[in-house]
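Quick note, the sequences are listed as chains A and B, same order.
Position 327 of the first sequence, counted from 1, bears residue number 328 in this note's numbering, the numbering being contiguous throughout.
Position 44 of the second sequence, counted from 1, bears residue number 768 in this note's numbering, the numbering being contiguous throughout.
Do not rely on the hints blindly, as some may be mistaken.
Calculated cross-link-like contacts (lysine to aspartate or glutamate; reagent style EDC-like; alpha-carbon spacing at most 20 Å) [claimed, not checked]:
hint: 1; chain 1: B; residue 1: Lys-1026; chain 2: A; residue 2: Asp-210
hint: 2; chain 1: A; residue 1: Lys-383; chain 2: B; residue 2: Glu-780
hint: 3; chain 1: A; residue 1: Lys-447; chain 2: B; residue 2: Glu-822
hint: 4; chain 1: B; residue 1: Lys-818; chain 2: A; residue 2: Glu-337
hint: 5; chain 1: A; residue 1: Lys-491; chain 2: A; residue 2: Glu-155
hint: 6; chain 1: B; residue 1: Lys-857; chain 2: A; residue 2: Glu-337
hint: 7; chain 1: B; residue 1: Lys-951; chain 2: A; residue 2: Glu-155
hint: 8; chain 1: A; residue 1: Lys-383; chain 2: B; residue 2: Glu-822
hint: 9; chain 1: B; residue 1: Lys-1060; chain 2: A; residue 2: Glu-337
hint: 10; chain 1: B; residue 1: Lys-914; chain 2: A; residue 2: Glu-338
hint: 11; chain 1: B; residue 1: Lys-1060; chain 2: B; residue 2: Asp-1050
hint: 12; chain 1: A; residue 1: Lys-383; chain 2: B; residue 2: Glu-788
hint: 13; chain 1: A; residue 1: Lys-389; chain 2: B; residue 2: Glu-738
hint: 14; chain 1: B; residue 1: Lys-1060; chain 2: A; residue 2: Asp-210
hint: 15; chain 1: B; residue 1: Lys-951; chain 2: A; residue 2: Asp-321
Here are some of the chain A residues that sit facing chain B, going by a computed Cβ distance under 7 Å [stated by the list, open to error]:
hint: 16; residue: Ile-77
hint: 17; residue: Arg-103
hint: 18; residue: Ala-171
hint: 19; residue: Asn-173
hint: 20; residue: Asp-210
hint: 21; residue: His-305
hint: 22; residue: Leu-376
Just so you know, these hints were derived from the structure itself, not from any lab.
All values reported here derive from a predicted model rather than from experimental measurement.
No residue lacks a Cβ here, since even glycine has one placed at the ideal position from N, Cα and C.
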Amino acid sequence: GCWFPSLVPQDILYRSSLCRKLQAGKSGATLDFAKQLGYFFVDHPEDAFGSLGHLLHKNFYLGNSKLKRPARNSTIRMTALVEDINRLEARRGCPRQHLASRLRWFSHLCRDWLFEVPLGLLADCLHEELMQQWSNLLFDDSFTGGALAWLPPEDGGTPMGRLVHPGGQAMNHLYFQDVVLEELPRAQGSPQQFELSGRIRQVAAARVDGQDFVGVRSDYHCGVWRVPGKTGAAPAPLQVIRTDMPASCLTVSPHLPGELSVCTQSGTIYLWSIETGLQQLRHDPHTMFFRDYSPWRWSDFTAHPRVLSCADRTGLQCLDARAPKRCHFDLFKVGEEAGCQQGERVVLPMYLGRAHPSQYLVTTQFSVYVLDERLPLVPVLKWTHMMKAPPLFAHLLPGKPGRSHKVLLGASRTQELLLLQYRVSFWGVSSGGSQSACQLAGTPQKLHNISGCLQHLPTQLPHHHHMLQQRLTAPAAGLAAMLQEDGLHKSMLVFQLSEAGDVFSQRLTHKASEPPAPPSRDEATTAPGSSPLFEAPDSSPQGLGTAALRYRRWLRAFSRACREPPRHTWSPSLSQRRLFTHRDLEGPAGPSSLQKQMRQRLRQTMRERGRIQCWEPLALRPPPLPQTLEPAGGPDPLSTRLTAAWAGDWEQWWEERTSFSVAQRQRALRERRRRQKRAKSRRSLSASFTSSLTYQSELSELSDVGPQLLSPSRPPVLSQESSPPASTPPLHSFPISPAPDEALLSSQSLRCRGIPKERRKTLRDYLSVWAEGPPEPPEPLGSQASQLCIPSQSQLSSASQPRRKRPRMGF
Amino acid sequence: SSNEHKLNFKKSKEACLSYIQDALLQKQWKRAAEFLTCYVESLEKDYSREHIGPSEMIWRIGTEILWHHSQSSMKEFNCFMEQMKTLGVKRYLKVCLEHVFHLLCNGQIDEAYQNLSLAESWRFGEQTVIQDKEMKLIQAYRGLLDYYSWSKQKNILLEHGEDGFSDLAVEQEMHGYFRKAAVNLKEIIKIPGVWDVFVKCYVDLLEFYGDHNEARQVLNEYAYNSKFPANPNAHVYLYQFLKRQGESKKSLISALKILHDIVPSHELMIDFNTMLQKSKKRKKRRLGLEVIFTALDYAGWKENAKAWSCLAGQVKQIVISEKHLDWIKQEWNSRKDWWPAFHFSRYLAKRNWQENKNLSYEKALVAGLLLGKDCKYFKYVSHQGCKAQLKRFRMLRKFVNKHNLVYLKISG
């Protein structure tokens, strides 16, 4: 099927003729910050200025005609502003400033209060996000390690293996596909599928005791599957962990079953054992050898099952899991010892244990190093790889004793594939006591990349050709390979995964070397072009014969997907000039009966010092919610604001909203910690992750909850939120039970609260969900629950607030 | 405009280079050579301040192409190298060294020697630190070639010596080679670095002429000078030297102790362990147990039958004598949570039994004693052994049954 192409520089770069002129001299890109901010206002108007928009609705005139005298005092004509904006667009950067005076005046007037989220804060967040997106475009290291794994057949078994790779539109489906190794590899049967909750970044696998352990990393979750050695046995998911910071590495131990190592971008390294859980080995947000801002960390196993390597961009260290603070040594340092260039950085380290128990591969953007942990810091092999993009994927194919080992390097953006062979040669005559040095065997060889097969495909319609090209040039996302030997016939099969979820394969066959070459060099040639093994595997190709047929099949599926109407078309454009006719805007002469009714309601509520939950007239409301109790939970921000405004405390309200007072922060923190503790006691797994909410979530949480908690002018009903003094229990609160949700969940307690039977299950479901994970409840249910039955639980109130969408835009 | 021209020139230069790289990586030597002739033009306007300038590129790529090109000859190669030497003065010594390696690979030792001598006499301006280092390397390699000639002469003399006929001229020549080699080799090994070949040759020379003190000093310096990288080979050479000298057990053990500290997975640890076991001192035997346990921690030792038999022997001895069970307990303590999965799984029992009965016997003994008779590994192997009616395995079962309480003591 379909896939969503990832972001391209054109999407976020600033492009205009003026800018081009300005930039002719200097290099560097300008990010189009203003455009993105504009997109946010257009895409999320409710989040941007929902409440004030509603409030000021009357004062913004959207018509075209001139305003009359009395109205002019309190209304501005928006169309004029829009015209001004358009004019400004047309002469971007025009020095005649007076043209924009009206805009300046407007922005000067409104900048501070019009926005739902303070503009400075919003801009900061957007800028941060934009910078991150840009740096990801320049070099995206989240795919380091590759998301393709090959589980080889057991020795002497059938010529069948299994590929593990992600697929689907968002690359969030994990597939275990059986592959029969014939002349060309063939997918057999439909793959085993698992749907995951995030984009799969990395798939790592290792075989221990005849079983394959497959680790899968997405940004905030890591999971591990076990695949029994027998062919056809179903993979079993074992465990999942959640991280607060995106994980940057997941490797599977080749020594002990069910052991993995995990790194997160906060600089933490964990040893993850299925049986004993997580053990934090190191936490250091700074790089090891010199200052280099990069949150990327990597970790792998070494010859000693209790010693792990940990890497950042500046080098590698090995540390003993039994005493990680004390026992460690430097394995590789970007610097003089290894003869590094300026600006050289570690891109991917890999343990070469299957070739030699004490050797390590380290790739940088310039070179490849082989290191021996017995003689650390001095590489035993160095070679400049000349790849255009840094090698993010590597795959080792160990040779038999005396033969060369093969290493495949793969780059993501350029799809480059490089094969190099090296040999561990013993020099020194001593009896088994000498250090070994390595030697490249033969010259490195470039293999075909995915986009290279375009020329072998039949001619297409131009636009099909373009789409096909786009699809085939999608960045590579993984690499796997295997050696096959039947008698004299030796060959190597290379699989390559693209970001669109296609898996391609190519076979390299061994030919006897030519006379002038060194005697035992492996001369490998590739078959012309690569062949797509199968497309994004929702349609499983079966019983395909030749490569050409495969292509035809894949192409057919591809063009079918192309013909489907594209998912996201341009948003319809409307002329704002004539948005409303004059008559549309002509309001009724006097207040309608509805308005009268509303006013009456409002007055009544004010008298009762209560508040109005829902503004719609009773007749228009959806079937009434089972509102049996006083709505005492958190009101939505708009209501609070209105309440404050009506009470005359607008100023104070605003103060509190913009600058959160210390007490409130403390309360929020305390609350969070309490929640963490509860979560810890429930889930031992995620317990060892330090739960730190990000800046973003903090912001949204506080801005939602804050004012209600603190507002001194709040009506007494609201005061139930903080734990009330014991002597005067509020009218509707229930005694606080030590295990609130257990008590709440029992149907008896639900009944005694007057909750109708058919609602109890929903409520119970909701509460159990809430108890399990961080609360992201569906909005209506969430607010309802908090109003219904947890009026006195201060710790629940903020969590069950209807959450506003995060102010960060989705691009 | 000229600016544009320069830009385009730069662009086409880059494109050309990428074509060459492409051809190189696909072994299309002829195509690469053709592109390289175009690339030579880039020397004309070499304003680049890149890490590797065009002239160095041409040298590197040209060497690679000539090395693989089917129609190239040694003569052409030499010619190319001479040109490269004049192309960049700063690189002169590097190019020379590379040239020498090529000559040596082609067996032209005399030409190589000549080239080295020529390079040694080369002077250009003020000597920089890098040049100084490279010059030392050139001299060292010349020393190595002198050593080669020396050992050739030595062999001739030894052969003749057997015939009872000595040649004074040959002997003198040999001594001459010795002097030349010794001077140059001595220099290079003073600089911190990894100089294994040079050190070995130098020590060989010294030992031949009976200068054992100097040899010992050189090896000690190479092993213990903290400015040098922690090179396990240095300790191996020292150990081997001491062994040749017939040194006392004590000094051999202390040499290996340091090797054990640097590389606990070194192959010599078996020798070390055997040596320690023979010792009468309790402390040394204790260390021996630690050495063998530590070695078996490493993945590379997993299937080393000799190491397992060492461990099995020691554990058995301790269990029988019922002394020092606490040694095992201490070693086992830090391993009991992962050795069972690492060494004694049922899968490994099956595989070891199929592949190496000896290994599975030794491992089963250790597993039976450390984990009790109910451990999977022991159970499987002893069952298979008894089924195959092997006497050894029946004895093993009896022995483990008899000492079945040991595992409770060491894990408790």
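Hints versus structure:
Proximity of Lys-1026(B) to Asp-210(A) is assessed by CA-CA distance (about 13 Å); at most 20 Å being required, the pair is judged to hold. Restraint check for Lys-383(A) and Glu-780(B): the C-alpha separation of about 18 Å stays at or below 20 Å, so the hint holds. Distance hint between Lys-447(A) and Glu-822(B) is unfulfilled; the C-alpha atoms sit about 25 Å from each other, more than 20 Å. Under the criterion of a C-alpha separation no larger than 20 Å, the hint pairing Lys-818(B) with Glu-337(A) is consistent with the structure, at around 18 Å.
Distance check on the hinted pair: Lys-491(A) and Glu-155(A) sit about 18 Å apart at the alpha-carbon level, within 20 Å; holds. Only pairs whose Cα atoms come within 20 Å are accepted, and Lys-857(B) paired with Glu-337(A) is accepted, the gap being roughly 15 Å. At most 20 Å may separate the alpha-carbon atoms for a hinted pair to count; Lys-951(B) and Glu-155(A) exceed this at roughly 49 Å. Restraint check for Lys-383(A) and Glu-822(B): the C-alpha separation of about 16 Å stays at or below 20 Å, so the hint holds.
Of the supplied pair hints, the one linking Lys-1060(B) and Glu-337(A) is violated, its CA atoms being roughly 41 Å apart against a limit of 20 Å. Proximity of Lys-914(B) to Glu-338(A) is assessed by CA-CA distance (about 17 Å); at most 20 Å being required, the pair is judged to hold. With a CA separation close to 14 Å, the supplied pair Lys-1060(B) and Asp-1050(B) stays within the 20 Å bound. Taking the CA atoms of Lys-383(A) and Glu-788(B), the gap is near 16 Å; set against the 20 Å cutoff, the hint holds.
A distance of roughly 12 Å separates the Cα atoms of Lys-389(A) and Glu-738(B); the hinted pair therefore holds under the 20 Å criterion. The hinted pair formed by Lys-1060(B) and Asp-210(A) meets the criterion: a straight-line CA distance of about 18 Å does not exceed 20 Å. Our distance criterion of 20 Å between C-alpha atoms is broken by Lys-951(B) and Asp-321(A), whose separation comes to about 25 Å. Given the 7 Å rule on beta carbons, the hint for Ile-77(A) is violated: about 51 Å separates it from the nearest Cβ of chain B.
A cut of 7 Å between beta carbons decides the hint on Arg-103(A): the least distance to chain B is about 43 Å, and the hint is violated. Because the smallest distance between the Cβ of Ala-171(A) and any Cβ of chain B comes to about 35 Å, over 7 Å, the interface hint for this residue is violated. Given the 7 Å rule on beta carbons, the hint for Asn-173(A) is violated: about 32 Å separates it from the nearest Cβ of chain B. Interface hint at Asp-210(A): satisfied, since its Cβ lies 4 Å from the closest Cβ of chain B, which is below the 7 Å cut-off.
Interface restraint check: His-305(A) against chain B, minimum CB-CB distance 5 Å, threshold 7 Å, status holds. A hinted interface residue such as Leu-376(A) counts as satisfied when its beta carbon comes closer than 7 Å to some beta carbon of chain B; here the least separation is about 6 Å, so the hint holds.
Checked against the numbered hints listed earlier, the structure breaks hints 3, 7, 9, 15, 16, 17, 18, 19; every other hint is satisfied.
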